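K.L.:
Protein chains in written order, with my numbering: chain A, 1 to 369; chain B, 1 to 307.
FYI, nobody ran anything at the bench for these hints, they're computed from the structure.
Computed from a predicted structure; not experimentally measured.
Hints may be right or wrong, so weigh each one.
Listed next, the in silico BS3-like pairs over lysine-lysine satisfying Cα-Cα at most 30 Å (straight line) [said to hold, decoys possible]:
hint, chain 1, residue 1, chain 2, residue 2
1, A, Lys198, B, Lys77
2, A, Lys200, B, Lys57
3, B, Lys150, A, Lys198
4, A, Lys200, B, Lys126
5, B, Lys230, B, Lys285
6, B, Lys72, A, Lys3
7, B, Lys179, B, Lys76
8, B, Lys76, A, Lys365
9, B, Lys277, B, Lys211
10, A, Lys94, A, Lys62
11, B, Lys169, A, Lys3
12, B, Lys288, A, Lys3
13, A, Lys362, B, Lys72
14, B, Lys109, B, Lys179
15, A, Lys200, B, Lys150
16, B, Lys211, A, Lys198
17, B, Lys116, B, Lys132
18, B, Lys230, B, Lys271
19, A, Lys3, B, Lys211
20, A, Lys10, B, Lys59
21, B, Lys150, A, Lys365
22, B, Lys77, A, Lys362
23, A, Lys200, B, Lys72
24, A, Lys3, B, Lys223
25, A, Lys365, B, Lys116
26, A, Lys200, B, Lys77
27, A, Lys198, B, Lys72
28, B, Lys179, B, Lys169
29, A, Lys20, B, Lys126
30, B, Lys288, B, Lys169
31, B, Lys285, B, Lys211
32, B, Lys116, A, Lys10
33, B, Lys127, A, Lys3
34, B, Lys181, B, Lys76
35, B, Lys271, B, Lys169
36, B, Lys211, B, Lys223
37, B, Lys126, B, Lys150
38, B, Lys59, A, Lys365
39, B, Lys76, A, Lys198
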Amino acid sequence: MLKVFWAFIKKEFYHIIRDKRTLLILFGMPLAQILIFGYAVTNEFKDAEIDILDHAKDETSKQLINHLQSSGNFIVNSNLISENELETGMKAGKSKLVLVIPNDFSKDFYAGNPLKIQLIADGSDPNNANTLVQYVNDMVRKFKTEKVSAGLNPFQIGVETRMIYNPQLISAYNFVPGTIALILLIICAMLTSLTISKEKELGTMEILLVSPLPPLLIILGKVTPYAFLSFINAVIVLLIGYFVFNVPIIGSLGLLLLMCFLYVITALSLGTLISTVSATQQSAMMKSLMGLMLPSMLLSGFIFPLASMPIVLQYLGNIVPATYFINILKGIMLRGAGLNIILYEVGVLILMTVVLLALAMKNFKIRLE
Amino acid sequence: MSAIEVEHISRSYGEVLALDDINFNVEEGELFGLIGPDGAGKSTLFRILTTLLIADKGKARVVGHDVVENYKDIRKKVGYMPGRFSLYQDLSVEENLSFFATIFGTTIKENYDLVKDIYIQIEPFKKRLAGKLSGGMKQKLALCCALIHKPEVLFLDEPTTGVDAVSRKEFWDMLQSLKKKNIAILVSTPYMDEASLCDRIGLIQKGKILKIDKPQQMMNDFKKPLYAIKTNETYNTLQYLRQQDFTESVLPFGEYLHLITRERLNTETIKIHLKQKGFTVSEVKEIKPTVEDIFLDLSDNEESLIK
Chain A
1 MLKVFWAFIK KEFYHIIRDK RTLLILFGMP LAQILIFGYA VTNEFKDAEI DILDHAKDET
61 SKQLINHLQS SGNFIVNSNL ISENELETGM KAGKSKLVLV IPNDFSKDFY AGNPLKIQLI
121 ADGSDPNNAN TLVQYVNDMV RKFKTEKVSA GLNPFQIGVE TRMIYNPQLI SAYNFVPGTI
181 ALILLIICAM LTSLTISKEK ELGTMEILLV SPLPPLLIIL GKVTPYAFLS FINAVIVLLI
241 GYFVFNVPII GSLGLLLLMC FLYVITALSL GTLISTVSAT QQSAMMKSLM GLMLPSMLLS
301 GFIFPLASMP IVLQYLGNIV PATYFINILK GIMLRGAGLN IILYEVGVLI LMTVVLLALA
361 MKNFKIRLE
Chain B
1 MSAIEVEHIS RSYGEVLALD DINFNVEEGE LFGLIGPDGA GKSTLFRILT TLLIADKGKA
61 RVVGHDVVEN YKDIRKKVGY MPGRFSLYQD LSVEENLSFF ATIFGTTIKE NYDLVKDIYI
121 QIEPFKKRLA GKLSGGMKQK LALCCALIHK PEVLFLDEPT TGVDAVSRKE FWDMLQSLKK
181 KNIAILVSTP YMDEASLCDR IGLIQKGKIL KIDKPQQMMN DFKKPLYAIK TNETYNTLQY
241 LRQQDFTESV LPFGEYLHLI TRERLNTETI KIHLKQKGFT VSEVKEIKPT VEDIFLDLSD
301 NEESLIK
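With these hints in hand, go ahead and build the complete structure from the sequences.
P.N.:
Printed below as a string of structure tokens:
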């Protein structure tokens, strides 16, 4: 039996090596994805250009402006003179933010009078605008604490927020786990469903069925190479995340790899299930794309937070395996969570896997129809 | 025990009746041909016998095992070559053969003598990808793969379709020699001229078996007077003959018309009769029937058979 299994794996590797499309999906896609998410799709900003309308033009207001620039994250594009110019920079697409400093800034500031700095942000890019506004808020608060000794303003209460686990809100911390979840799913599930339906399409499944091979062996023989390769892919993405994007792995590496392995099995059973209900590669491809990739990207909390979605989508998100896997990954990598903390997610994944495997086995046809 | 026993097998796809009460046996070491046009139900029958489909009605046994209940036993003992080329196109000749040997729990070496005569012809191309072989080579490789585990029964679904004339002949020579190794072979073909190479043939059309017999016997049993007529105006002559009372049927066969009459006529009489009607007839002769003549005579619907 082992010899048969080995022959199957050898054959599958020949298929993979000789098919450019599979090779591309297998190794090109993970690289492309991590680089796209890493460098292009990001909420981080550097050197954001801002305009400033300084009504006060006094000592303190200049200090504040310098303080903002000192962070290296803001560059003052132009100093405006009148209210009329507020939107000019933004309309031209150059400035992302306008800061308006009121009259008598110095006086009110030191007297402890209530004063308001106005921030105008470009809402056409909401994520970016939010991040910028938050960042300026932080900077202003810091400026305040630096300048004002506590004794002078005994009654002022400031709210200070501190992000932990990802204090700089680096998006790599979010996309590396997300990308692993997505890549494992695509490679395991999509390629598995493609490779099995290819055998059906080309008629080779007919010959495999009319042979002493038990169905389980046919499936195992087909999925094992993909399990192996996608596991390697997961490790590659982890390495790129660690070395290129400095995503830490605080928790146990062993547990992390074990979880990747569990998820690989989940994805494989999904792929097998898809293949049992698709007669052609095309239909397997469509089903994987629509049924797996989109939900895993959109509904797993990878790109959009699940909590802010309509209730129906939240329920849908809860049946996407990637949702749980991303939580597991973030738990282990960023928070150093142990098995006891992620027990619920692991339990759900195991349950999903068992159900999917059972369905796939039940659906696998020992005959043509 | 027969190698293949088929009893009252029927199968339909939705409304279409693909097989209608099929009965026949194939003995050990017998080369049995299923002869019929495309869509006659041959492939469906093959799939039922190779346990890939379940019949709606009837029973079938292959090497003594029921095709539904004991399908696993059958799958160990038969070799199956589907109608479509179904090997791995991106694997080389050698890789294909060794893969199929392995999944049947054997090796190329172990059963080399069985496939040797065939394999020797494709061996020069053993490193070539199967997808890059010519049609004839592909079929030889497929036959090797179906044979590599020394099956007791061989199912060959249209093995010579799309294969050149020389390779077709070679292929049938191979089947003859396999028969000597006591392998029962069920082969289907749309080519009537291949029928005479089988031990027995079953003529099948529209899911029904029209007749089963030895090809020679079938020809000897055909008692109707049959004439071949050669004329320059095939179409007009055909139209004319169709309307005559003495005609039972008349069909074009290449450059000849084959005419079956209701009673025996003199060839000269036919010739003179046609000449009087203004047709130029160069030859009229009484001939022995081919399998195709018999087939066409048996089939009730002539229209569908004129290719």
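K.L.:
All the hints need checking, so say for each whether the structure fits it.
P.N.:
Here's how the hints hold up against the structure:
no.	hint	in the structure
1	Lys198/A - Lys77/B	holds (26 Å)
2	Lys200/A - Lys57/B	holds (26 Å)
3	Lys150/B - Lys198/A	holds (28 Å)
4	Lys200/A - Lys126/B	holds (25 Å)
5	Lys230/B - Lys285/B	holds (9 Å)
6	Lys72/B - Lys3/A	holds (20 Å)
7	Lys179/B - Lys76/B	holds (19 Å)
8	Lys76/B - Lys365/A	holds (18 Å)
9	Lys277/B - Lys211/B	violated (38 Å)
10	Lys94/A - Lys62/A	holds (22 Å)
11	Lys169/B - Lys3/A	violated (37 Å)
12	Lys288/B - Lys3/A	violated (56 Å)
13	Lys362/A - Lys72/B	holds (18 Å)
14	Lys109/B - Lys179/B	holds (21 Å)
15	Lys200/A - Lys150/B	holds (25 Å)
16	Lys211/B - Lys198/A	violated (39 Å)
17	Lys116/B - Lys132/B	holds (22 Å)
18	Lys230/B - Lys271/B	holds (10 Å)
19	Lys3/A - Lys211/B	violated (46 Å)
20	Lys10/A - Lys59/B	violated (39 Å)
21	Lys150/B - Lys365/A	holds (26 Å)
22	Lys77/B - Lys362/A	holds (26 Å)
23	Lys200/A - Lys72/B	holds (20 Å)
24	Lys3/A - Lys223/B	violated (59 Å)
25	Lys365/A - Lys116/B	violated (35 Å)
26	Lys200/A - Lys77/B	holds (22 Å)
27	Lys198/A - Lys72/B	holds (24 Å)
28	Lys179/B - Lys169/B	holds (16 Å)
29	Lys20/A - Lys126/B	holds (23 Å)
30	Lys288/B - Lys169/B	holds (23 Å)
31	Lys285/B - Lys211/B	holds (27 Å)
32	Lys116/B - Lys10/A	holds (25 Å)
33	Lys127/B - Lys3/A	holds (22 Å)
34	Lys181/B - Lys76/B	holds (18 Å)
35	Lys271/B - Lys169/B	violated (37 Å)
36	Lys211/B - Lys223/B	holds (15 Å)
37	Lys126/B - Lys150/B	holds (21 Å)
38	Lys59/B - Lys365/A	holds (21 Å)
39	Lys76/B - Lys198/A	holds (24 Å)
Hints 9, 11, 12, 16, 19, 20, 24, 25 and 35, counting from the list given before, are not met by this structure.
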